[in-house]
Amino acid sequence: MSDNHHTPASEETGDTGFFEKPGMRKILWVALLASCAIFAALGIYGMVAGWMHPYFTLDGLPVFYALAGAIVAAVLGAGGRLLSEALTKPSDYYDSPADETRPDDGEGRP
Amino acid sequence: MMAHLILRVTIKLLFAPIIVFALYVQFHGEYGPGGGFQAGVIFAAAFVLHALGFGLDETKKVLPPKVLPWLMVTGVMLYAGTGVATMLLGENFLDYDILQPDSHHHAGQHIGIILVELGVGVAVASTMLTIFYYFAGREPEIRDEDW
Amino acid sequence: MAIPGLEQLPVLPVVIPLVAAPLTLLMKPGRAPWAWATLVSWVTFVVTLLLLEAVWVHGPVEYAMGGWGAPEGMSAPIGITYYVDLANALVLTLVAGIASVVFPYAYYSVESEIDHRQTPAFYTALLICFTGLLGVTITGDAFNVFVFLEISSLSTYALIAMGARNDRRALTASFNYLVMGTIGATFYVIGIGLLYQATGTLNMLDLHQQLMGQSNRMVEAGFAFIITGIGLKLAMVPLHLWLPNAYCYAPSAISAFLAATATKVQVYIILRFMFSVFGFEFAFLEVALNAFIVLGIVGMFYASFVAVFRDNVKQMLAYSSIAQIGYMLLGISFGTVDGVAASLIHVFNHALIKAALFMGVGCVVLRLGSSNFAAFNGLAKRMPWTAWGLIISGLSLVGVPLTVGFISKWKLMEAAFQTQTFIPPLLIVLLIGASSLLAAIYIGRLAYAMLLQPVPEDAEPVKEAPHLMRITMWIMVLANIWFFFQTDVTVGVATRAAQALLDTGLGYGGAY
Amino acid sequence: MSDLLAGLIQNPGMLLIVAGVIVALLPGRQLRAIAALAAIIGCYALLASYGTAPMDAPVLMGESTLFGLDLVSIRIDRLSVVFATLFFIAAGLNAIYGWLHASRMEASMGLIYAGAAIGGVLAGDLLTLFIFWELAALSSVFIVWGGGTHAAFKAGMRYLVIQVGSGMALMAGVALTVAATGETAFTAMSLTAEDGSLNIAALLIFIGFGVKAGFPLLHFWLPDAYPRASAVGAVMLSAFTTKMAIYALARGFPGEDILMLIGAVMAVAFIFFGAAASDLRRVLAYSLNSQLGFMVCGIGIGSELAINGAVAHAFASVIYKGMLFMAMGAVLTRAGTLRAAHLSGLYRAMPLTALVAFIGALTITGVPLFAGFVTKSMTISAAGYYEHMLVWLALIAATVGAVNNIGVRIFHDTFMGARSDAAKVSGDAPLPMLIAMALAAAICLVVGIQPTLLWSMLPFDYDYAAYTMDHLITQMQLILFAVLLFALARRFGLAARPRDGVLLDVDWLYRVPGRIALAGVVRGTAAAWHRLWWGIQAGVARLVKGLYDTHGPEGALARSWPVGFMALFTAVVLGLMLIVTFVAY
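Residue numbers (UniProt numbering), protein chains in the order written: chain A, 1 to 110; chain B, 1 to 147; chain C, 1 to 512; chain D, 1 to 585.
If we strip away everything but chain A, and leave its shape as in the complex, we get (with noise of 0.2 Å):
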């Protein structure tokens, strides 16, 4: 069971990417972090100030969107991981793995 949870990770020294360096990584995390703070502070700015115009009473709280991103997030991962534990089946559960192999239709497929 364990097994399919694995990170595709054969991380082999030397093959580190562009978006790999220590440096690179840094800086993407701060730049996320950076534009969540701009955006919650417009947001809370905006509605203090009051041209930020709700729908609803419920998104007239400030970082509404915010929260509301955040917690579906935690939802959809929590849940995502749920029902792919509860209804995930080996792969020849409906075929076999003969059947995904693919007879050679004459055309020279690529």
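Hints may contain errors.
[What the hints assert, rightly or not] Sample of chain C residues at the chain D side, in silico, Cβ under 10 Å:
1. 197
2. 221
3. 395
4. 409
5. 422
6. 429
7. 447
8. 484
9. 488
In case anyone wonders, no lab produced these hints; they're calculated from the structure. This one's a predicted model, so the numbers in the text were calculated from it and none came from an experiment. Note that the Cβ used here is the ideal one computed from N, Cα and C, for glycine as well.
Once you have looked at the hints, place chains B, C and D on chain A.
Below, chains B, C and D without anything else, positioned relative to chain A:
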């Protein structure tokens, strides 16, 4: 050969009367019990009898199988031809009256029925004989190439 | 009838092949009998077209054989009469039309499947069978129906048995059919006998007059015998057992011809007896109609399910025919003009569909010697014309728009919505839809095999079927599309024919 | 022939179908691709020559009759034209994408499929709609089968059944409508009749549409079939069937309240399935289904803004979803697998494809400057304006779902991170695929930056400002915090990829218990029948044997058994018939 002598003589004696009787039934059928179908069967029966007594090969010499399809066709054509003739003369299919239009005694009907019955007789007789020839001449095993 | 020169028209469709058949027997084996039979079928087709036109324009036509029509002061004829209204004119045209395409098609297929020496006999039997089918349809005399029924059946047994050169099982199939067919015909003749006992007449129109208001046990028994007898010949569902093998092992051309015509003619007979002879005054009709609903629906599903799992395409198509007969019975069972019209339309359309399909399979049998599914693998690459013809006519069978199958299905659904039966119309419509899905499955299976399965590696290269077979098959395929756009013939004629059939007062005494 | 054919042939979709048949006959992939592109451009020119017309005054063309029913081959109004234009763009992109890789079947059926979809949206009456509806179903089956595996065959069969079933529901509904009213016109209808009772005809049509639109519980064919198709085929499939259904719903059931509920359930439920699926194209398929929920909601709200939003979102969705399927197709072509567990770090070998996937992710999540932002906010705004709070919440949730399914699963997990073995591929996507993806990306950007281009085509004139500070801030908050949460989860090892394998869906019901039940019924019936039949046979055999032991050889009898029983059966039927006759009176 001698064993069947009585049988054969009898058959020879009976053969002609059977044919005559067939013809009688044939031509009587126009206005009395009888007709082409019965006559054809009786006619064929004479030949069947002949084959029983003298062997199939002898009968085939008398009435070669090659002739039979022609007879069958002739019979049917005689029947259908009468019908077509009445049509060509301007009446309905098999409306014999037109064959002798001036008659007040339905002579046309007589002519027509005689022709039709003759056709039936010939066709039935030849068909019966064909069936008989096939059955009697059937080889015990059917070869593959016959299929 | 007032068209000069055409008085003889009603009898010609029977006389022409009848006269031509014996002549065929005398011909030299090979091309001559085939050419002759083809010519005859064409001439007959032209005659039936003229007849259809005459009936369309002038109304029902009667023809007294031998001039033995109704004497002065009597309504009923004393001899055999031929009676042609739109219903049988349509079926006549259909039978002759199918023949005029299948007969030319037959040449190569017959050369390969039947002993060369037997070809004259084959075409003779074919023409006799053709005569019989036309005669059954055209005649207005109940006993004459029996005669022609036997004419067509006996020759059919012989024709099916001729498939024995390819597969000896044809002999058993033919024998089974012989026994069953004879029982059916016997039942029919018993039924006729009972009706004759009750009424003293054999003329269909006169029978109707005499039966009006009569509803005694004898007539009811006669009705039951007739419906069972014809139901057997029709391959109505519990009585269908003879059909799959008969169609499967017959020579290809015969499968195509019979599938497109024989059962269709029986449907016509059922219609004629139920509505023209017995009519709605006959109380027992309702019971039979209700039985037909059940039998029709059971047939639609049972046979389709079986078809899905067949490994032989010919058998699959044969079972599909049984299922399609279910549709026709369903249409009849509504007992309305629309329902009967839908049934007649499906008779016509299904003939086109099945002819095309069996002809396509015949092409495959000719080239690959088998009608098993395995032979169809990769067919689109090996015999593209045949494969695509099969696919288009298969789509028509499913009832896809732009093909005639759609017209049938649509009309049937429309008719279903306008009826009151003990099954709610909506359910019937959904059942029709559901059984179309089954058709989609078995045709899909065929399409998949032909289009997407690889050609077997050890397969020898094959040529396309001969031009003659391909062209004739494609005529049928194109007819499947043509009659979608040209619905005047089918829908127009069938609707009026159904009106005439149901409005029994109207059909009687049209033109003595 | 008749005016029916003349009418049909004026329909650009029909011409494209004809072109598809011709393409099937051409040799060589290149030639077929060129011919396909030429046909698409030519047919589009024909459509363009018809111009457009406002919603309340459609231009009708190609009128004809089929057995007494009035058919209208073409209805030009802004709703039909925008969908037809969209399908032409999609068909063109598909033709380019499959330039080198489309098999003969895919090239030809793809054109027929596109033609059927175009014909369907242009159809002026229900019967013509049904004609194209069915053609779309049948042609697309071949595209599913084009996957070439036996699993694809089986999936194609299931797809065929459900698609034809949808057609049959539609046909039954249309037949009922015609039977009741004699009218075939395709106009807005309602599920409830005037007296409040259920309108069966409309319900049947609604179900027919719903199957193709992927309504929950009727959706299972979609994630079943799409991942089975080939790389090229899946792109084709993603564009037409479902959007055609969206068009049909927008035309037939605008403002039908139940659609809001259905759409909300779709939008939310399928993001979970998407999160749990392991095959990447299956993830896309679920995500597509969730996006359909957006459109269904919009149609359910039914205001001019909402319909506009639904249509605009359908437009954007075809482009970006097609683009994502293209990217995944490129990965499949190169890496040979789309199992999520086996792929990561692909960006090194396929940087351009990675970029496309990134743009796709930006578009679908609704980042400003990309098409998704403007089209999504229309529907969300409409839900907000008309106080449909549940719908509104569902749409917000669906946006977060897109962040996870596309942004994280499709883009990040597949292309970023450490390189897996399967990701060591020879190179980026082939050139035609890249061109198609680039064009799609360009459309996403153009629509995102200059939304008025799209809005001028929408059914209603509605002045909507997408780029307001409100929208920007709320949307960015939503996306950024969702991303933040996913990133944190990754960082702290809380998130795991879904297990590798098959994700069960509603189709399990008929593929496992359904099959067992069916097999059981069949076996049971067979056994019962067998017992009955052989019981009778044995009984009769004993009887007959007893009789014939004294009378003759039984060998001959044994041979004729089957016939004997058929005959017996006939007698039984006759007997029943007679009994019924006598009992009945």
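Each hint, compared with the structure:
With a least beta-carbon distance of about 16 Å to chain D, the hint placing residue 197(C) at the interface is violated under the 10 Å criterion. The closest approach between the C-beta of residue 221(C) and any C-beta of chain D is roughly 6 Å, which is under the 10 Å cut-off, so the hint is satisfied. The criterion of a C-beta within 10 Å of any C-beta in chain D is met by residue 395(C), whose closest approach is roughly 7 Å, and the hint holds. Against a cut-off of 10 Å between C-beta atoms, the interface hint on residue 409(C) holds, since the closest Cβ of chain D lies about 7 Å away.
Below 10 Å, beta-carbon pairs count as interface contacts, and residue 422(C) has none with chain D, the closest being about 15 Å; its hint is therefore violated. Satisfaction of the interface hint for residue 429(C) is found here, the shortest Cβ-Cβ separation to chain D being roughly 5 Å, below the 10 Å cut-off. With its C-beta approaching chain D no nearer than about 8 Å, residue 447(C) sits inside the 10 Å limit, and its interface hint holds. Because the smallest distance between the Cβ of residue 484(C) and any Cβ of chain D comes to about 8 Å, under 10 Å, the interface hint for this residue holds.
Checking residue 488(C) against chain D: minimum C-beta separation of about 9 Å stays under 10 Å; hint holds.
Hint compliance for this structure: hints 1 and 5 are broken, all remaining hints hold.
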